[in-house]
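Generate coordinates for the entire structure from the input sequences, incorporating the hints supplied.
Just so you know, the protein sequences line up as chains A and B, in that order. Residue numbering for the first sequence follows the numbering used here, beginning at 838 and increasing consecutively. Residue numbering for the second sequence follows the numbering used here, beginning at 838 and increasing consecutively.
Computed Cβ-Cβ distance ranges for the label pairs, DEER-style: (1) B:Asp1036 - A:Ala970: 41 to 47 Å; (2) B:Glu928 - A:Ala1052: 48 to 54 Å; (3) A:Phe877 - B:Lys933: 51 to 57 Å; (4) A:Ala970 - B:Thr896: 49 to 55 Å; (5) B:Ala863 - A:Asp1026: 21 to 27 Å; (6) A:Ile968 - B:Asp969: 54 to 60 Å; (7) B:Glu874 - A:Asp1003: 25 to 31 Å; (8) A:His951 - B:His873: 43 to 49 Å.
If the Cβ cut is set under 10 Å, some of the chain B residues that face chain A in the computed set are: (9) Asp851; (10) Arg1023; (11) Trp1025; (12) Ser1039; (13) Ser1041.
Bear in mind the hints are in silico, worked out from the structure with no lab data behind them. All C-beta atoms in this analysis are idealised placements derived from N, C-alpha and C, irrespective of residue type, glycine included.
Number of protein chains: 2
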Amino acid sequence: MSRVRVHNFSISLDGFGTGDVQTAEAPFGHAGSRLHEWFFPTRTFQGMAESQGDLGGSTGVDDAFARNWATGIGAEIMGRNKFGPQRGPWENDEWKGWWGDDPPFHTPVYVLTHHPRASIEMQSGTTFHFIDATPAKALEVAREGAGGLDVRIGGGPSTIRQFLHDDLIDYMHVVVVPIVLARGERLWDGLEGLEQRFDVESVSSPSGVTHLTFARR
Amino acid sequence: MSRVRVHNFSISLDGFGTGDVQTAEAPFGHAGSRLHEWFFPTRTFQGMAESQGDLGGSTGVDDAFARNWATGIGAEIMGRNKFGPQRGPWENDEWKGWWGDDPPFHTPVYVLTHHPRASIEMQSGTTFHFIDATPAKALEVAREGAGGLDVRIGGGPSTIRQFLHDDLIDYMHVVVVPIVLARGERLWDGLEGLEQRFDVESVSSPSGVTHLTFARR
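Here's what the structure looks like:
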């Protein structure tokens, strides 16, 4: 059975998965890159940044977790704000995500939006599809696109929160970064007692972050 | 110079240091004892529960942190809700805290309240004093009572938050417990950028919690 997974999802100590306000220049608002500093030195990220060859990078606990992101994944579902800063009806078709011509996904990516538009085929296997659907329905569509592999829920916070609320997540990897953001979008809101549905483990890293894993019971 | 310290302060993943609603039967509201399960098996706690002799208990990372609670401390400051569930004017003098005749503090304890009352002398060196004061002023009073030793800020969340806000804390030990409470009182509210004033370390424990230490830069 294909599983539904969350990977490398970073939050602040106070539970914010993104700051405010999102713009084209600041995808994470005032959080800037602070939620993801742990990720950049990893071999996984270094390999994404330059597709040719091995560029080095760290291979400790941060990389061990980061690396699982793509393994066995056949599709991603993301919220519209992860795709772009626009709100409301699309003004044109120019925006193709934050990731350039060759996004790191290499699978179908289903973007949740109340304003569907034509699919966009990018390089190396990434295709963006735009769907207006509940979490359960979106998952049905993504599972078809995943060809038997797992589906990743890519964020942002409100998208993951909705899938957690509807009990659709099998595995979740969250990274707690020791900063206080105070503003933005929280991951945990409305999820009282979440831990009862999961086996939770925690491991801290020399980089200062703590990796949490939630495995469905 | 005497320092201002916080120890063994437990919060949920979503940052709540206590649940709601506090009553005489439920000092932590709906959180029950879940925020402190990590603490009970430690040798430190076992030693508090029975003052005579060594009763065993765990001696790993949880105990290592727990044990620092009393060392070098000459006074505690606590919010009124840590002392008792009453609100508004005291109806009588019967309530003497949650801890019985021999509270574990063994120092002067300054209870912040807008309704001062006569001090209460308990067994083994604990005396409760009731003061209506700002954090800075309360600290001045407590430092006198501490006789050159450090002052512990005992909680609850809003008391610690006020001392953090006024930049009066030198060292803070916070324990993140992997549960989602969703309701109660949050520690981090209004403390954006707190990490910039501290060196922060994290270490996870086999018990499932993560210990965070904040040492003032």
